[in-house]
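Build out the structure end to end from the sequences listed, making use of the hints.
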Amino acid sequence: MILATWNVNSLNVRLPHVLDWLNAHQPDVLCLQETKQEDSKFPYQALADIGYHAIHSGQKTYNGVAIISRHPIEEATHGIIGLEDEQKRLISATIQGIRIICAYIPNGQSVDSDKYQYKLKWLASLTRHLRDELALHPKLALLGDYNIAPEDRDVHDPKAWEGQILVSEPERDAFKALSSLGLHDAFRLFDQPESSFSWWDYRMAGFRRNLGMRIDHILVSTPLVSSCTSSWIDKAPRKLERPSDHTPVVLDLKN
DNA sequence: ATGGCATAGCGTCTATGA
Numbered sequence: 001m002i003l004a005t006w007n008v009n010s011l012n013v014r015l016p017h018v019l020d021w022l023n024a025h026q027p028d029v030l031c032l033q034e035t036k037q038e039d040s041k042f043p044y045q046a047l048a049d050i051g052y053h054a055i056h057s058g059q060k061t062y063n064g065v066a067i068i069s070r071h072p073i074e075e076a077t078h079g080i081i082g083l084e085d086e087q088k089r090l091i092s093a094t095i096q097g098i099r100i101i102c103a104y105i106p107n108g109q110s111v112d113s114d115k116y117q118y119k120l121k122w123l124a125s126l127t128r129h130l131r132d133e134l135a136l137h138p139k140l141a142l143l144g145d146y147n148i149a150p151e152d153r154d155v156h157d158p159k160a161w162e163g164q165i166l167v168s169e170p171e172r173d174a175f176k177a178l179s180s181l182g183l184h185d186a187f188r189l190f191d192q193p194e195s196s197f198s199w200w201d202y203r204m205a206g207f208r209r210n211l212g213m214r215i216d217h218i219l220v221s222t223p224l225v226s227s228c229t230s231s232w233i234d235k236a237p238r239k240l241e242r243p244s245d246h247t248p249v250v251l252d253l254k255n
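Residue 101 in our numbering sits at position 101 of the first sequence, and the numbers go up by one each step.
You can take every hint at face value.
27 Å max Cα-Cα, derived DSSO-like pairs, lysine-lysine:
| hint | residue 1 | residue 2 |
| --- | --- | --- |
| 1 | K176 | K121 |
| 2 | K176 | K115 |
| 3 | K159 | K176 |
| 4 | K139 | K254 |
| 5 | K159 | K115 |
| 6 | K235 | K159 |
| 7 | K176 | K139 |
| 8 | K60 | K121 |
| 9 | K121 | K139 |
| 10 | K115 | K60 |
| 11 | K41 | K60 |
| 12 | K254 | K235 |
Source of the hints: derived by calculation from the structure; they are not laboratory data.
Structure representation (C-alpha cells):
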C-alpha cells in the first residue's frame, strides 16, 4: 500500500501534475493540501476517469484539503472536533481499515504574529483530536503539510533559521506532543540522504541550490510501524514547468 | 540574503505563503 502527501499550491494550476503523478505511481492514497478552490470546482470527474475516489474540503483562495483513494472512502469527517475554524485545513476518512487524516497545519507567518498564536492553538486542538481518533482507530496515519521542520537536519541553514517560524521551540514541542501520542515520523524510520527536503522557496533559485526545509510529513501510529517498508521524497515534480513549491512525500506499507 | 517568486481575487494592487 502506498500513501502520499503533497501540498499542490492551487489544484486548479497543478491538476495536470497531480494526474500525471497518480498515473505514474498509482498510490493507494494521496492527500492534498492548498487546493485553493471551492468544493464545486474540485475535479472529481477527472480523478474518477483514472480510477480514483476523492473527498474535498475547500474554499476560495486559501487552504483546502483532499483525500484521493483507489479504494472506497469510509467515515469521512471534516475539521477538528471542538475547534471552531473557518479555514478548511483538515479532512479524515477510513480507507482499507486505516484512519487517514490529511492536515494543512497553519503557517504562522512569524513568531510575533497573531497567526502564530492561531497555529499553536490549532496544533493543541489537533493533538487533543488525535488522541480521540487513536482510541477509535489504532491504525492511523496523519499526512500533510505540518509547517514544522522537526529537527535542525530538516533545515538547510539551521543557524539562519534559529528561533524563527517553522523551527521555533513551541512549534517543535507541538510536533513532539504528536509523537508522544505514539505517532512516528515514517521518513525517519529509514536511512535517508542528508539534506532531504520537501519544500524549497521559489525565490533565490532555492531548489537548484537545495535551500529547502522538510516540513511535509507522514506520521504513523505504533501498530503500523512494523508494516512500513520505505519512505521517500519525490523531487521530480519540483523540476517541472510551473511546479508547486512542495513535492510529494511517500510511504510504502506492506499488506 | 529578510528579497529576488507564485497564486488568487475582481486587481493594475494586496494578502499570503514558508
